[in-house]
Amino acid sequence: MKKKSTLTPTPRPQLVQTHEPAWADALDRRDRAWALDLAARLLVLVGGISAILFIGAIFLFIMTEGLDFMWHRMELSSLLFGSRWEPTVDPPEYGALPLIMGTVWITAVAMIIGVPLAFAAAVYVGEFARGRQREWLKIGIEILAAIPSVVWGVIGLYVMAPLIKSTFGVQIGLNVLNAGIILGLMAAPIIATIAEDALKAVPEGYREAAESLGATRWQVIWKVVLPHARPGLSAAVLLGVGRAFGETIAVLMASGHRLMAPESVFDSAATLTATIAAELGEAAVGSDHYQVLFVLGLLLFLITFSVNLIADRIVRGRKAAPAPGAADQPSRRVLAGVLGILLGGAGVHRFILGDRFGGFLRLFLTINTFGAAAVIGLIEGILYLTKSDEAFVQTYQVNKKSWF
Amino acid sequence: MTTLDTNDPAADPEVQTSVFAASPNEHKAHTVQQVFKIGFLAVTLLLLIPAAAILGVLVFKGAPGLTWEFLTTKPTDNGAAGGISTALVGTVWMTGVALAFSLPLGVAAAIYLSEYARDNWLTRTINVAIVNLAGVPSIVHALFGIGAFVYFLEFGKSVLAAGCTLAVMTLPVVIVSTRESMQAVPQAFRDACWNMGATRWQTIWKVVLPNSGSGILTGLILVVCRAVGETAPIMFTGAVFFRQFYASGLFDKSMALSYHLFSVSMHVKDVPEHVPYTVALTLILVVLSMNAVAIYFRMKLRGKKKW
Amino acid sequence: MNLWYGDFQALFDVNLDIRAGLVTAMIGPSGCGKSTLLRSVNRINERLGYVRTTGTIKVYGEDIYAETSSAIQVRRNIGMVFQRPNPLPLSVRNNVLFGHRLHRTRSYNSAEEDEIVEQALRQVLLWDRVKDKLGTKATTLSLEEQQKLCIARLLPTKPQLLLMDEQCSALDPEATAAVEELIWELRGKYSILIVTHNMAQARRASDECVFMLMGKVVEHSATEKMFVSPEQRETSDYIEGRFG
Ligand SMILES: Nc1ncnc2c1ncn2[C@@H]1O[C@H](COP(=O)(O)OP(=O)(O)OP(=O)(O)O)[C@@H](O)[C@H]1O
Ligand SMILES: [Mg+2]
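Just so you know, the protein sequences line up as chains A, B and C, in that order.
So for the first sequence, our numbering puts the first residue at 1; every next one is plus one.
So for the second sequence, our numbering puts the first residue at 1; every next one is plus one.
So for the third sequence, our numbering puts the first residue at 1; every next one is plus one.
Hints were generated in silico from the structure; no laboratory data involved.
Given the structure is predicted, the values throughout are model-derived calculations rather than measurements.
Each residue gets a CB set at the ideal place from its N, CA and C atoms; glycine is no exception.
A couple of the hints might just be wrong.
What the hints assert, rightly or not - SDA-like mimics (lysine to any residue), calculated; alpha carbons at most 20 Å apart, straight line:
| no. | chain 1 | residue 1 | chain 2 | residue 2 |
| --- | --- | --- | --- | --- |
| 1 | C | Lys-131 | C | Pro-89 |
| 2 | A | Lys-400 | A | Arg-316 |
| 3 | B | Lys-28 | A | Lys-387 |
| 4 | A | Lys-165 | B | Ala-53 |
| 5 | B | Lys-28 | C | His-100 |
| 6 | C | Lys-158 | B | Pro-24 |
| 7 | B | Lys-61 | B | Leu-71 |
| 8 | A | Lys-223 | C | Arg-122 |
| 9 | B | Lys-37 | A | Leu-335 |
| 10 | B | Lys-74 | B | Phe-101 |
Claimed, not checked - For each label pair, taking beta carbons as the anchor points, the in silico distance ranges come out as:
| no. | chain 1 | residue 1 | chain 2 | residue 2 | range |
| --- | --- | --- | --- | --- | --- |
| 11 | C | Arg-129 | B | Phe-297 | 52 to 62 Å |
| 12 | B | Gln-244 | A | Thr-167 | 52 to 62 Å |
| 13 | C | Ser-107 | A | Leu-163 | 20 to 30 Å |
| 14 | C | Arg-84 | A | Leu-36 | 45 to 55 Å |
| 15 | C | Arg-19 | B | Thr-123 | 58 to 68 Å |
| 16 | B | Phe-251 | A | Ala-284 | 21 to 31 Å |
| 17 | B | Ala-53 | C | Glu-118 | 51 to 61 Å |
| 18 | A | Val-375 | B | Tyr-246 | 43 to 53 Å |
| 19 | A | Leu-36 | B | Phe-297 | 39 to 49 Å |
| 20 | B | Phe-251 | A | Gly-354 | 33 to 43 Å |
| 21 | A | Pro-116 | B | Ala-53 | 16 to 26 Å |
| 22 | A | Ala-39 | B | Tyr-246 | 50 to 60 Å |
Given only the sequences and the hints, what does the whole structure look like? Please build it.
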């Protein structure tokens, strides 16, 4: 008789577990195979670390190219909030607000168009479609994702622009709407893929339970699957935003690239990315104009970095089952981490963690090093975000670790 | 026949009428379901129609110009006339350089992550770095390429610098697709190998790598697709607007297909109407045929894998 | 009835009569088709596209697989409890109301809903323990509470037959005893069909007993009779632990 019952537990023979790995004895035979193994291990470790190195290098190289300008002649507020971007007139004006506004407008239009399309596609492909039909739809979405951005640009330029002109009776077809539609279609396959993963991650048991109570498939989706998948879905939107926000060539071609803040979707506009692409070739290497473009690049890097980190955290945080009772305190990890990256120089992330002294110390350091110490905040922010919630609460909120 | 007989009619007054007949409530639920199902299908198609339309337009307007001659002659008139041979060759160069760097590095990283890494802070940091590397905007990669490869390493504006920039950009693609296929190799295969006294590397070399060839191949294909299609990262690091020579070596500049498409649509004057379409069609045919190969391999693998 | 998973036949000419208001236990070695039979009474097997059935299952004298029967009404009237407690990732209150909200024919105000929740939870002897945390997520409850909640959520739609598939196997001994007690409590109000691997449980907590082997029903009789003087050799072999 098979005993599954917990009422009559059968004593199991205890296996003696050795924790020696299977390859341990190979270590004793320090022969050629052993040396090869060691060499290979070092080699792949280099490969593994390369991703970190590259991220660090991207940050460093972009910063150093713009460093001189950042230290000596830049005022952050006039860069971020100045409303005139006139790098070629004398004296030049580097106010990025029009570019930021253009980016925001176009990204917003892209999301308004892309997110509903992507979610509908994710739900249909993930929950309704079966067999052949499903495969074909997925291939279609893949094709959409594979179209290169410069081809999208051509479409915006030659197909969408005349279409928008004739449909809405406007003067210019290259505008926020055009770029937004293009970007929405470009971001949709990415959002759809991640959203479908999020739906797939909802345990089958929940669907079975709901259906066994007599729910239709749609009721299961609406009442159980979608609410449960919400974090994953928001991560999908975030990654879509990151994608739309960072797209360059297609927007440059479809937006009309006008260096003024748009006031309606029918205005031409310029984005941060497109401006860098359009002006980098003309700016003399090392000039202020050249350097300010790198500063914009740094800004882009930091923003997409935060967006991606948050999205990744949302997706991953879900998978690790919450240990009951572990988080007695709410974790301030994400907030402190993001603030550390963006405003680490002012010590904001330490204030958030209740470490007022540490906050002022960092602010003081930053001022006295002309901003260089902001790197500390950046690194700390990244460290925070790579930790799990429990580890974070333990390290920084309970034990109040003060550096890194 | 299975009968569950109730002798207790008082329990449910409806027993005599059909208990299991569909209720009006349920009809409504079914209608709602059907409406959503069809609605979502329609929206999904709305997403796919543009893809089909784009392909249609490109074929319709670009196909007449797409001749063997167009592909194999050099461009003239700043690219407004002639063919695209120097751009094609330049793209091959840059893609080759990108592959040469990103494939070995990416496979090594994937081996580390799937075979060696434990769940510690280093692994987590690597994973975060990969996610972020994949999300960095392409123009930022271009800025990095300028700072790191063109000036710091003194490659100058060259095929090498452009290829390296593309390699950094495509690294996460290789890592993710290779790691996935390595993790799909059953642990039992590895255990069997270790139990025979093989070192970890021998296990990887003899068992893991041969079984994840498809993942590496998919990674390769995806790198090619990205590298061929990207414009921003190469336009300041090695691609030139117009040139009638083939690149003479790694340190020479070259035209590239994607940048050529960008310039004939945006900057070059007096371009015949069909030229941008034809160049775009060439580009998309390369990308889609590569994708088709990747899809084919994936399907074949899914059919075969029965371990 | 007969049932196939793809090409594999899991049930062969099963013929079974379950009497109302009693607790019937199904026993048999692993893989003999107990779960399969139970799941086909709830028609939940239809979720899997490759399942095919022939024959009929009659509940209250009506064929649940007939053209005129709808799977949704079948599921409404025949509740199912799974081996692993699987409350929905909603609050306790919304879990209890889930089935009710699917099938109600008019709108209920929240006082009426509270009433329904309280009644259902009282019936499963859970009310006193969860009445202060109706808003918490059901998945944070203990396994025993979760399993009781899974029973409670079936009750508001007033089913007559409850199916339970090894409902205690994920629970510790005390929780098992508590759930068993609950089943005995529900006896009479509902017909209950349970699957179990635990002979002692089958013997303690059932009126009738069904023994299955290889997709067939071998013996069906009153529990006492089955355990004291089984008619078939296989039954006695199994009960005495000679195989299975
Ligand atoms: N979803 C399925 N697809 C294919 N075959 C299945 C499926 N579910 C069950 N089977 C097969 O049907 C047979 C009966 O399975 P079932 O789960 O009903 O057995 P059981 O009596 O409940 O066993 P246990 O005591 O282990 O729960 C088994 O041989 C099993 O392999
Ligand atoms: Mg079972």
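Results for each hint:
Restraint check for C:Lys-131 and C:Pro-89: the C-alpha separation of about 18 Å stays at or below 20 Å, so the hint holds. Pair hint A:Lys-400 plus A:Arg-316 does not hold up; C-alpha atoms about 25 Å apart against a cutoff of 20 Å. Taking the CA atoms of B:Lys-28 and A:Lys-387, the gap is about 48 Å. The hint is violated against a cut of 20 Å. With a CA separation close to 19 Å, the supplied pair A:Lys-165 and B:Ala-53 stays within the 20 Å bound.
The hinted pair formed by B:Lys-28 and C:His-100 meets the criterion: a straight-line CA distance of about 16 Å does not exceed 20 Å. A C-alpha spacing of about 18 Å is found between C:Lys-158 and B:Pro-24, which places the hinted pair at or below 20 Å, so the restraint holds. A hinted pair counts as satisfied when its Cα atoms are at most 20 Å apart, and B:Lys-61 with B:Leu-71 qualifies at roughly 17 Å. Simply put, A:Lys-223 and C:Arg-122 have alpha-carbon atoms about 25 Å apart, too far for the 20 Å limit, and the pair is violated.
Restraint check for B:Lys-37 and A:Leu-335: not satisfied, since their Cα atoms lie roughly 39 Å apart, outside the 20 Å limit. The hinted pair formed by B:Lys-74 and B:Phe-101 fails the criterion: a straight-line CA distance of about 29 Å is larger than 20 Å. Remark: the range hint 52 to 62 Å for C:Arg-129 to B:Phe-297 is upheld by a beta-carbon distance near 55 Å. For the hinted restraint 52 to 62 Å between B:Gln-244 and A:Thr-167, the CB-CB distance of approximately 42 Å leaves it violated.
Restraint check, C:Ser-107 to A:Leu-163: a C-beta distance of roughly 47 Å breaks the suggested window 20 to 30 Å. Checked against the hint of 45 to 55 Å, the pair C:Arg-84 and A:Leu-36 passes, with Cβ atoms roughly 47 Å apart. Distance hint check for C:Arg-19 and B:Thr-123: the Cβ-Cβ separation is about 60 Å, which falls inside the suggested range of 58 to 68 Å. Restraint check, B:Phe-251 to A:Ala-284: a C-beta distance of roughly 23 Å satisfies the suggested window 21 to 31 Å.
A beta carbon spacing of about 58 Å between B:Ala-53 and C:Glu-118 agrees with the range 51 to 61 Å that was offered as a hint. For A:Val-375 paired with B:Tyr-246, a C-beta distance near 44 Å keeps the hint of 43 to 53 Å intact. Under the hint 39 to 49 Å, the C-beta atoms of A:Leu-36 and B:Phe-297, about 30 Å apart, miss the expected range. At about 55 Å, the beta-carbon gap between B:Phe-251 and A:Gly-354 misses the expected band of 33 to 43 Å.
Range check, A:Pro-116 to B:Ala-53: about 19 Å between beta-carbon atoms, so the 16 to 26 Å window is met. At about 38 Å, the CB distance of A:Ala-39 to B:Tyr-246 disagrees with the hint of 50 to 60 Å.
The structure fails to meet hints 2, 3, 8, 9, 10, 12, 13, 19, 20 and 22 from the earlier list, while all remaining hints are met.
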